[in-house]
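This is what each chain is made of:
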Amino acid sequence: MRTLVWASLRSYSRRYVAAALAIATGVAFVVVTGLLASSARNGLAAGVEAPYASADSVVAQPGVDVAHRMMAEAGDRATPMAFVQQPVGTDGRQLGEEISVGSVSTVPTLRWQDLDDGRWPRGAGEALVDTEAAADQHVAVGDVLTVGSRPTAVEVRVVGTASSPSTLDGSPLYLTWPDLARFGDQVSVTAVALLGEAPALPEGVEAVPPDRFVNNLLTEINNEVDAVAMMVLLFAGVALFVAVLVIANTFAILFAQRRHDFALLRCLGATPGQIRGSVRVESLLLGVGGSLVGVLGGAGLGLALIAGVRSAFASAPLGAADLSPVWATGAFIAGLLTTMAAAWYPTRQVLRVSPLAALRPDDSASARTTAGRVRVALGIVLVTGGLAVLGWSIAATRTPLMAAGGTVCFLGVLTLGPVLVPPLIAMVGRVAGRALGVPGRIAAANAVRNPRRTAATTAALLVGVTLTAAVLTGLQSTRDSLASEMDTEHPIDLALTGATPLPQDLPDRLESVDGVAEAVAVHGTVGRIADTEVTLLAPEHVDGVVRDALAPAPGTIALPYLLLQDAPDTVTVSVAGRHADLRVTRGAGWGTAALVAPATLADLGGRSAPYAVWVGAEDGADAGSLASDVSAVAGAPTLEVVDGFSRRAWVDLQLDVLAWASVGLLGVGIVIALVGIANTLGLSVLERTRENALLRALGLTRSELRRMLGFEGLLLALVATAMGTVLGIGFAWVGLQVMVEPAVRSAPLSLPWLPLGAALGVAMLAGLLAAVLPARRAARVTPAAGLTLD
Amino acid sequence: MPPSTPTDTPPENRSTAMPAARARGLSKTYGRGETAVHALREVDLEIPAGRFTAVMGASGSGKSTLMHCLAGLDRPTAGEVTVAGTTLTGLDDDRLTRFRRDRLGFVFQAFNLLPMLTAGQNILLPLELAGRRIDPAARSRAAEIAEILGIERRLGHRPAELSGGQQQRVAIARALITEPDLIFADEPTGNLDSGSSAEVLAHLRSTVRELGRTVVMVTHEDSAAAYADHVVLMSDGRVAAGVGV
Ligand SMILES: Nc1ncnc2c1ncn2[C@@H]1O[C@H](COP(=O)(O)OP(=O)(O)OP(=O)(O)O)[C@@H](O)[C@H]1O
Ligand SMILES: [Mg+2]
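Residue numbers (numbering that gives the first Met the number 0), protein chains in the order written: chain Z, 0 to 789; chain P, 0 to 244.
Chain P with its partners taken away, still in its complex shape (with noise of 0.2 Å):
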């Protein structure tokens, strides 16, 4: 492993010693008066470090509500987040844009890629939004992990010209790219076929078992869930339940 930020501890103690994030109630009202929707209600979380978290229920129960807040992309009404042992409510914008860029990876349900940049230079992005030098040993990162996702003869292509699963692939190695403490995904294989969906949860599943790393995936399928070390269940903005697997 590259050398890596102070606060960056070994895999084998951030899975005891610290959650890799949590809400202290956390609440997020989109609207007000008379047609105020409660997207969230006074959630307590806590996601636990080096394991693989699923967040499901109902639609409109507000799972993807959740991950934004968590993720620091939206702003909650009220609550408060920590991640990495960063508190996210009081970050400026800026801040807040640095954490994310350097701390956090996403992959969403679609729209993942920049249609105008090649796969490589997608995965790359992150490192370059960063302003770091893009030197051999990132590149041969970038390759790496390509080629345990199985896209290296991919790289050269824009995403109008990859199916579905290999842009989710591209995605998850740019999430992977940063060394991200959490890699927050949203749907991940909500526009897959199962075949696809099923090796990109493999994938999923073999960052947080093989190289440490802490996945929160946002689903509302049974069988993506079955990869999951651990699910939260929401309902009507609330956590019904945290059922350890």
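So that you can see chain Z by itself, here it is in the shape it has in the complex (with noise of 0.2 Å):
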């Protein structure tokens, strides 16, 4: 048996390239996220324990208060691990909208930033600035920052760079506790770290020694990772469950055409057993062997990956990578079974081949048998079982049930598609197929000659078009649900309030700022609520401005969630001698001056002025920028701005950034089942070699063979596509039920047609080229030479 084994692999190697490519990508996929994985936990904890080196011990989360307590008892033996997000200005430039601000000791011995130039801050109105942070922001020793907005703004004077040891830790811009202490509840604090004994601690709250502490922090940054790590591997399952279909189609097809051989040695007395052997013996080399290309290409494509990463943004917590051979293993294990479960279906239907079939004619391109009542009647059961279970998910609103049931009504899909596919193909050939004469006819004619093949072939495609379609449409719908919650969140888009009146001209030059498209002066004066001053503003003419009604009635004021939070909700306001009793609403948005309606703010009196000027942006202004050449032209330090513009933009780009990193993800296994289809084409080129060159010869042209190649390859993607994205939206509808619709008002369903429109043309471009090498192949042959082909 092993010459026959050699023999096989020797003649047939080429055509396993495919299948081993199939395999090769799906543990390439494992082996590179083992790899981010690796390098993103050695990257995170890298010198997180750089902070607690000198400490006696650590008070993990003790919470801002009690951090604030611990400061004031033992401020000279004690350092807190806070961070606090603030816009960051100097010399009336914004440098950031949200930069993360962490603490520097005022204890030598609990300093850990590595000091490069300059001198520590030895208090309050002095800071520390990141190094690198320093060069690209061109800030440095000497220079005097802004940290916050208005009424709670800092100035700090840089007196020194350092690097951080640890990304972890590591922030642009250090202040020590008494500046940070500033921003009240806005500051967390996630550790604090102590000299000497430690003081009483409330309930709850313990001191641990440092290295326990370290401990903990690893075991966490440990399993954070693993999580994401977990997510990936859900998709690397996703390709490899296509590279299943793909190489379980590769063998039906080989086999399929080797019929004849396996046929002709039983004749001659192999055994079903010896004939059993050698099929395996070939699908355990391949699954080897592609795994084996997987590790080592997916080995060298993650370390280009981290490299590139690396050198790209200095910044991002990447640290070595190395392969443990756990995860090696794994992969290669993954790989191989992959195979070996591919294989083993065909590999039954091999030996049901009696020796008499090598007398038969053999036709393996088309086989009429489609599919049996067995598997209808199962793949009825599961379609319908599914669905209950969806239905059920819905009305129990759990995820795990959803995601349960959409597998298998999926697989249910898979089993009908021999009975579900050729009939819609040979539908979409005949309509579009007329357009393209007799290469038409025959590429949709031979697209479904074999209707379980058509069907395995569409089915690799169908799975990634269907995730692809379901995330790209849930989360188009989330985003529309999310909107009219984010307009109440964030109704104005830029909104700056002085505490002085602003020029009146200044509207005008924010108009012709880049991404402004319309400013709008807000009158109001300067009033008290008790002992507070309090901004006024009345908001008049805004509605070009806004994104939901900011329009309080008279007789009420509308108050921030954060402003005079003890507030009852009647309150006493006053201007210059004159009072109004108010009733109180809550909202958000606008900054920290009350909103009130003009005749409030007319029958109060005041002296009313312009101080604040609301902005609205252009669609498609830069997040990133707007709100800092705003502030340089309105001068910034003694404004408050409130940039609700690139929160919402943060939302949007959360979900911007999560789906295409689902599509990115799910490419893979694209990319596998395109691969499929070029090797069915491929496969069955060879097959069809005979028919070809007496088509040819009768007189089909070079370039009509090739149309009617790629027409095939283009039917079958289409079809593929058209299903999966059916399928796709209608999970997606699901899934918002299940998901979205219990935390929002309403969760319509909403179609993102352009990407949607994209994915269709994407998948029906690669299918014409997943048909280019195969058509070049067949083209290439002169009738001649095909037809005395054995």
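The set of hints was computed from the structure by calculation and includes no laboratory data.
One should not assume that every hint holds.
[Said to hold, decoys possible] Calculated from the model, a selection of chain P residues having no Cβ within reach of chain Z, i.e. all distances over 12 Å:
# : residue
1 : Arg23
2 : Thr96
3 : Ala109
4 : Pro125
5 : Glu127
6 : Arg152
7 : Arg208
8 : Asp235
9 : Ala239
[What the hints assert, rightly or not] If you want a taste of the chain Z side facing chain P, the calculated C-beta under 8 Å gives, among others:
#  : residue
10 : Gly147
11 : Ala444
12 : Asn445
13 : Leu693
14 : Gly698
15 : Arg701
16 : Arg705
17 : Pro782
18 : Thr787
These figures come from a predicted structure and were not determined experimentally.
Beta carbons are placed, not taken as given, at the ideal position from N, Cα and C, and that holds for glycine.
Since each chain sits alone in its own frame, please combine them into the complex, following the hints.
Spelled out as structure tokens, the structure:
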């Protein structure tokens, strides 16, 4: 049998290339995931112990209030690990809207940053800047920075630059605790490092030895990285599943083509066991070879990717990558098992060949055996069962149920593939093929000659397209559902509020800024509520710049959630000796001023002047630079700037990142499926060499032959994509009902026409591309050579 | 007869005026160096128009190669082929294909028909490939030919449902449908029993006698050659003799 295996491999190995590619791609996906995970783990873990190196104990997650108390009691031997996100500007220049500000200790032994230039801050009013950030932002020792926006803004002088030994704890800017503490509740304190005896701590908060704290931190990092890696592995699983479909199809086609050989061997006395053995060895070798290439290729690709990301983004938290033997072996075994599993069914089919089959004519290209009754029944049971579970998942809003129901339903559709797909292809082919004449008609006929093969080929693509369409549609609908919530939360794109009246010409000046659609001055005055000085604004004619009604009724006052949190339901507002009792409503998005109706302002009488300008951004304005451009024109440091636009843009960006990351990860499966289409076409072309030669002899030109195969590829891709899009939209609807609907007011389905259309276009183009190589090979054969072929 | 192309001269003129096909110094070599196989060595040959020519010779003597080169299915290594007044050697692949489609008909030993088309569709295929409308006239012509060949009741069947002889007759019908100048047949009876062989050969001969077509048939059976007017004998890539009957 050994001679036979080697001879088969020699003559058929080229036909296994696509299958090997499919398996290698799936395995490489797993390996790259492993490398990135280890690199992220090492990057995040690097230096996490530094801040606690000389501490005697660490209090984890104390909360702001406890941190305040601890610092008050033990400030000379404690330092908090604290962060706050604040806008930072210098010299009228906005450096960023949301800059992470960390803490630097005034206790020499608890300083963990590495000082590069200047000196350490000694207390309030002094700051340390990250060396790289300072270079990027052109900030130097001696500069004065404004941190925060108006009412709570802090001015600090840069006294030194430093770098962080830890990516996790590093920030572009570090303040001492007294300055940081002024941001109150906005500050998050992850730990407090202590020298000497720990002070008395409230219930539930305890001091632990630094090494234990660091260990917990490392475990946390590990768990988080693992969670992300598991998510990505789900996509790798999808890619491997697609690979199973492609490989199984390859084996089925190859075995069908070799039916004669097998039957002849049986005639010559080979036992079924011997044939099974030889075929198993073939699939084993394919699995070993493909997986090995996958592991090596994945390792190379992963290392290259990490190196690329690190050179492009110096601050990316990626450390050294090491591929653990467990991951590598796991990926290898996954590839091997995938191959063996994929070969299992086709191998069984081979063994059904009777010796007599050798004597019958061979037409492996067309098999009229469509799905058996069992298959149809099974498919229908799976689909209806899956739909029932999906219905249940909507009623119970349970995501795991939804995943299970969706999977079962989809498997049912795949099972019904041989019944569903060929008629669809025939239908589309009949309509579209008319334009192409005979080549079109023959292509349509060829595409459905073997229903199982057709179904298996399209199934691979169906998996990726369905998931992609579901993700795109789901996220688009989520975005639309969130839009109205976002309108309430961030009603104004940019709200600039001054402590003193603003220049009259400011709106006009702002309208000339790139990205500003409209700027409207809002008049108001300064009044008091109890002992607090409050800017009162009376918005008028602002419909063009607000996304949600911001018009308080007369007799009411809209206070931001964070202002005068203890205020009663009705407050007395006084302006220059006149008083009004106003009912309080709450809201956010316009800054720290209070909003009243113009009539209320008139009653209060104060001298009304433009205290604020509300700006509406153009669609597609650059969220990163709009606020700083506007602040630069307005003279930022004296103004409070509320940037609703970049918050909205940030949420949009999150959804976009989620969508495109998923699509990118699903792309691997789609690429494997396209390799599968090319493979089926290539193998079919080999089978049909004689037919194609005959057509060429009878007058089919080379370009017509190429067009014919291109159309066949196009048909397969088109029908798979169309089916997948419809299924994906259906699943997206279920997903919305289960995951989004409970959280928002309403979650209607909204279709991302452009991305879906683009996906369809890309799939069709890819179908054409998949036919390029087979078509070129087919067209190269002269009719004479094709006709004399065995 | 329906209107034909300008180069199409009446049958009675064709037989005398110009040979249907002519080869000059035709050579075909497969491979090179040590392992080179000279399938054809400087063959000079004329196929008379309006006659039934058989090409005979031992296995491997170059019969199929000669036919492929004459019919524009393969390119010779050297030499010139002229068929129906057109020199094939200079034509690019598209023009050569169109020439085959419009002027030649083919019958092969096996795998003549496309398995996914019915017999009737197979017969009409060359017209469709040429982009001609399948009008009632074409259909009735096809029916007429099918009736002559005795396959009129099998037109709705796929090739797999036909016997070998019936398949060959469908192939002949297809070769006739475009009213070609020349029909090439490579061992058309190679797979048939003697009864079916005789029928197929008789049909080929009647296309020559009654329709005035030119037929070139490769065969190694003497009984088949007996139907021909003229025999070309191949031996080791050369024409050994041309024998008129
Ligand atoms: N593609 C090829 N590559 C190499 N040699 C070839 C090829 N095709 C044919 N030959 C050789 O060319 C010679 C002529 O072949 P050809 O097929 O014309 O013979 P034939 O007379 O038709 O034989 P048969 O009666 O067996 O069909 C043979 O020696 C054959 O081995
Ligand atoms: Mg031959």
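To see whether the hints hold, each was checked on the structure:
1. Residue placement check: P:Arg23 keeps its beta carbon more than 12 Å from all beta carbons of chain Z (closest about 20 Å).
2. In this structure P:Thr96 is not separated from chain Z by more than 12 Å, as the shortest Cβ-Cβ distance comes to only about 5 Å.
3. Some Cβ of chain Z comes within 12 Å of the Cβ of P:Ala109; the nearest lies about 9 Å off, and the non-interface call is violated.
4. For P:Pro125, the shortest C-beta to C-beta distance to chain Z comes to about 5 Å, within the 12 Å cut-off, and the non-interface label is violated.
5. Consistency note on P:Glu127: stated as away from chain Z, yet its beta-carbon is not over 12 Å from all of that chain's, at 5 Å minimum.
6. No Cβ of chain Z comes within 12 Å of the Cβ of P:Arg152; the nearest lies about 23 Å off, and the non-interface call holds.
7. Interface exclusion of P:Arg208 from chain Z stands, the closest Cβ pair being 25 Å apart, more than 12 Å.
8. No beta-carbon of chain Z comes within 12 Å of the beta-carbon of P:Asp235; the shortest separation is about 19 Å.
9. No Cβ of chain Z approaches the Cβ of P:Ala239 within 12 Å, the least distance being about 23 Å, so the stated non-interface status holds.
10. With 8 Å as the threshold, the beta carbon of Z:Gly147 stays out of range of chain P, its nearest partner Cβ sitting at about 76 Å, so the hint is violated.
11. A cut of 8 Å between beta carbons decides the hint on Z:Ala444: the least distance to chain P is about 5 Å, and the hint holds.
12. With a least beta-carbon distance of about 7 Å to chain P, the hint placing Z:Asn445 at the interface is held under the 8 Å criterion.
13. For the restraint placing Z:Leu693 at the interface with chain P, the shortest Cβ-Cβ distance is roughly 7 Å, inside the 8 Å limit, so the hint holds.
14. Among the interface hints, the one on Z:Gly698 holds; its C-beta lies about 2 Å from the nearest C-beta in chain P, closer than the 8 Å criterion.
15. Interface restraint check for Z:Arg701: the shortest CB-CB distance to chain P comes to about 5 Å, inside 8 Å, so the restraint holds.
16. A cut of 8 Å between beta carbons decides the hint on Z:Arg705: the least distance to chain P is about 12 Å, and the hint is violated.
17. Taking 8 Å as the C-beta contact cut-off toward chain P, the hint placing Z:Pro782 at the interface holds, the least distance being around 4 Å.
18. Interface restraint check: Z:Thr787 against chain P, minimum CB-CB distance 7 Å, threshold 8 Å, status holds.
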